[in-house]
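Student: Listed in order, the protein sequences are those of chains F and R. Using my numbering, the first residue of the first sequence is number -9, and each one after it goes up by one. Using my numbering, the first residue of the second sequence is number -9, and each one after it goes up by one.
Hints were generated in silico from the structure; no laboratory data involved. Be aware that a few hints might be false.
The list treats identical chains as interchangeable, and a pair is accepted whether it falls inside one copy or across any two copies.
[As the list claims (entries may be wrong)] Straight-line alpha carbon distances no greater than 25 Å define the calculated SDA-like cross-link-like pairs of lysine to any residue that follow:
1) K(-8) to T254
2) K16 to G376
3) K194 to G281
4) K193 to H215
5) K(-8) to S246
6) K16 to D273
7) K(-5) to E247
8) K16 to L132
9) K(-8) to G36
10) K251 to G(-3)
11) K16 to D123
12) K299 to A328
13) K35 to E120
14) K199 to D34
15) K(-8) to G70
16) K(-8) to Q288
17) K251 to G376
18) K(-5) to D38
19) K199 to N220
20) K16 to E134
21) K(-5) to N40
Number of protein chains: 2
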Amino acid sequence: MKTRKLGRGVAVVGVGMSQFGAFPEKNSRDLFVEAFRDMRGSVDKGLDPNDIEALYIGNYSSDLFEGQGHTAPIMADWLGLTPRPATRIEDACASSGVALRQGLLAVASGAYDVVLVGGIEKMTNLPIAEVTDTLATAGDVLFEIPAGFTFPGFYAAMATAYMHKYGATPEALMKVALKNHDNGALNAKAQFNSTIAGVMAAKKRSAEKKGRPIPTWADEMEFLHDDRANPMIAWPLRLFDCSPVTDGATAVLLVSEEIAKQFTDDPIHIIGSGQASDGALHDRPDLTSLGAAKHAGQMAYAMAGITPKDIKVAEVHDCFTIAEIIASEDLGFFAPGAGHEAAEEGLTARHGSQPINTSGGLKSKGHPVGASGAGQVVEVFKQMRGLAGERQVDRDVDLALTHNVGGTGQTAVVHIYERK
Amino acid sequence: MKTRKLGRGVAVVGVGMSQFGAFPEKNSRDLFVEAFRDMRGSVDKGLDPNDIEALYIGNYSSDLFEGQGHTAPIMADWLGLTPRPATRIEDACASSGVALRQGLLAVASGAYDVVLVGGIEKMTNLPIAEVTDTLATAGDVLFEIPAGFTFPGFYAAMATAYMHKYGATPEALMKVALKNHDNGALNAKAQFNSTIAGVMAAKKRSAEKKGRPIPTWADEMEFLHDDRANPMIAWPLRLFDCSPVTDGATAVLLVSEEIAKQFTDDPIHIIGSGQASDGALHDRPDLTSLGAAKHAGQMAYAMAGITPKDIKVAEVHDCFTIAEIIASEDLGFFAPGAGHEAAEEGLTARHGSQPINTSGGLKSKGHPVGASGAGQVVEVFKQMRGLAGERQVDRDVDLALTHNVGGTGQTAVVHIYERK
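Can you build the whole structure from these sequences, using the hints too?
Tutor: In structure tokens:
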């Protein structure tokens, strides 16, 4: 695939997200307004909503989750943005990462100077089994779902293939969960705002309160090996290997570089963007890598003119722990088969050599599927500006990356950001 | 809303569509491959599919109609286009008109030189009542659907308001149906490839065959007033005022103007594009016009630097007959309130002063909702090149327009085309 120079530069000047979690009293409109307000507060010199010229909203399936189709203009209406164009983008869990790319191209085309990119998903309305079925439709319903696959099964197949090929252990996967909970514990908007140690302590308190035997786990790894505390979902993936079902919304403000200074003296420039597709999982020669992610990464690196080594902070699509390990290889941070060792050695920790998912990732922050891609931008924006608080990395973040995957990797989208 | 010049020009060099109709033996993959092949055959100098750099696919709800989410990469895979980016665009029945706009902006941005825009909808899998419910989710499920509205009801409310305000009669609506069936009878790919007179003759033959009394309608208008032949759906809309439930797919090939000559010596240039949103119907001050359509039209005219009078052929969104009359006013072809008289006087007929829906429109050609917008481009491309056969208009079509509406008008998108 060719990489071409865009007509003009585009910058991020504001980011926001709703609280992530389970909110029975809210709908996706409420959540998106919450994300928009948060974003608006992040624009240094203020944002007049009238300056927004178009809305691109990533959403996987308000159709199935809320019984609401045609969601984009409703979101525009709820923010008072009508009659501005409102477009929904759907590429499964990559929906708002792809929406970001469409917003980028739309500004680069000259059609708009100011574009709002958002993501929404309200997943907890349905019983969990129906959520699982709804997500499974992001696979191939003719050739995969009739075989009994759901998403934990898809990623378990990838994990099994990866472990077989590279000798990785379940402990490497557990290390990813531990790290992401460590980070999520420092993110007040995360659904699971707790370390694994914190989860253990809470379970001990709960047992004590109920007069049940208090668990005697020696450490986190013993807890993560406990079939009751961390049950097997689809071998080798246990509960803590899986991202949760989440309600949430996210918002990113894109502007043409020429007018960025009207909004901030510290714009974050999008210097690389790549998107790619792939066939369904059942039809791939290899399950230990996502071809679309590699292609999207290569497009983004080529456009940015940089290499993986230049990236200081990356938010990658850890819908399951194995996905983060594979992503860390697909993006070139580690050689094929070396990602699991990197995770075990702590290289991807907040103060490791290649920090990944400082936000807590989808695993701990939460995974409102259509909102997750734009949510990744929230974290890199904060890390690049030094606004990530206790989870701020210990180096200057001049270059960062986001990596958002749809389904089993039929879609992947990668963006690279520069702070000048 | 501001209108800006795009970074570079974009042209249509190929168009195609599947047969429209009800195809229980086909799925949306089959239909899209059929549309793609038809499009490929229309590219004068041939198309190497490897030259396609991205796919934008309009689809309203494969989620609900086929139980398949994440449709875009499946379509890319079925055409052998992976790993090229594949993005689904959803704005209800305007999905592929909006996909066209995103394809246009993507080429204009410099990201791609060659983009495939498509549309798909496979609607007949579900029982008709479920189709109606599925379409109703394009309204507002919090504030409208609980009141009992479905789409015939929404447009019946518009028709009632229009008739009250302007003194229009049901006969004006019937004239739209008559005209569009006249045109559709000349379109071999139309779902209803028959005039109303042809429908009447078929019903007479059927009655004779079954030994039932043969109807004695004097003319088409008597037939259209017959409660048995043309039952009331939602007053004042009868069966023949409504577009059908349709399976179908469409495809349009967009290229940058700089390379258009590689594909054809006769490119059709997109010189105007506008998209707009609106709040839900229940919240509008006036039901006799669609604000989003007026805004989108104004954007497109301003970008093209032309006026409604310059348009020789228009394909407009006649999901119901009243919608065509309102569209003909919203687009400036006729003054507010004059559209119904224009329809009655035959001004919008194939050889009238302002031909509308020479393809047969959604009414007769069929309305596979997510595919309809790109399907409109098929007709204007043919009319502009003089390839519309028996339904070719009697004048040189240097400028044409397409108008695609989502839901009750929460989305509208207008494009203007020039043949140089």
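Student: Does each hint fit the structure? Answer for all of them.
Tutor: A quick look at each hint next to the structure:
Taking the shortest alpha-carbon separations for K(-8) and T254, only the inter-copy value of 22 Å comes in at or below 25 Å, while the best intra-copy value is 33 Å. In this assembly of identical chains, the alpha carbons of K16 and G376 never lie at most 25 Å apart, being 32 Å within a copy and 54 Å across copies at closest. Within a single copy, K194 and G281 get their C-alpha atoms no closer than 43 Å, and across copies no closer than 60 Å, so neither meets the 25 Å cut-off. Taking the closest pair of Cα atoms, K193 and H215 come within 25 Å of each other only inside a single copy of the chain (15 Å); across copies the shortest separation is 72 Å, beyond that limit.
In this assembly of identical chains, K(-8) and S246 lie within 25 Å of each other by CA distance both inside one copy and across copies; the values are 23 Å within and 15 Å between. With identical chains, the CA atoms of K16 and D273 are at most 25 Å apart between copies only, with a shortest distance of 21 Å across copies and 39 Å within one. In the homo-oligomer, the alpha carbons of K(-5) and E247 lie at most 25 Å apart both inside one protomer (15 Å) and across protomers (17 Å), since each shortest distance falls under that limit. Taking the closest pair of Cα atoms, K16 and L132 come within 25 Å of each other only across two copies (13 Å); inside a single copy the shortest separation is 34 Å, beyond that limit.
For the identical chains of this complex, K(-8) and G36 are inter-copy neighbours only, at 21 Å across copies versus 38 Å inside a copy, given an alpha-carbon limit of 25 Å. With identical chains, the CA atoms of K251 and G(-3) are at most 25 Å apart both within one copy (19 Å) and between copies (22 Å). Within a single copy, K16 and D123 get their C-alpha atoms as close as 22 Å, and across copies as close as 24 Å, so both meet the 25 Å cut-off. Proximity of K299 and A328 under a CA criterion of 25 Å is satisfied intra-copy only: 15 Å inside one chain copy versus 66 Å between copies.
For a Cα distance limit of 25 Å, the shortest separation of K35 from E120 qualifies neither inside one copy, at 44 Å, nor across copies, at 49 Å. For the homomeric pair K199 and D34, neither the shortest alpha-carbon distance inside one copy (47 Å) nor that between copies (77 Å) is at most 25 Å. Only between protomers do K(-8) and G70 lie at most 25 Å apart by alpha-carbon distance; the minimum there is 17 Å, versus 39 Å within a single protomer. Taking CA atoms no more than 25 Å apart as the test, K(-8) paired with Q288 passes inside one copy only; the shortest distance there is 10 Å, against 35 Å between copies.
Only within a single protomer do K251 and G376 lie at most 25 Å apart by alpha-carbon distance; the minimum there is 19 Å, versus 50 Å between protomers. In this assembly of identical chains, the alpha carbons of K(-5) and D38 lie at most 25 Å apart only when taken from different copies (23 Å versus 30 Å within one copy). When the C-alpha separation of K199 and N220 is checked against a cutoff of 25 Å, the pair qualifies only within one copy, where the shortest distance is 21 Å, while the shortest distance between copies is 70 Å. In this homomeric assembly, K16 and E134 come within 25 Å of each other (Cα to Cα) only across copies, at 19 Å, whereas the closest approach inside a single copy is 33 Å.
In this assembly of identical chains, the alpha carbons of K(-5) and N40 lie at most 25 Å apart only when taken from different copies (20 Å versus 30 Å within one copy).
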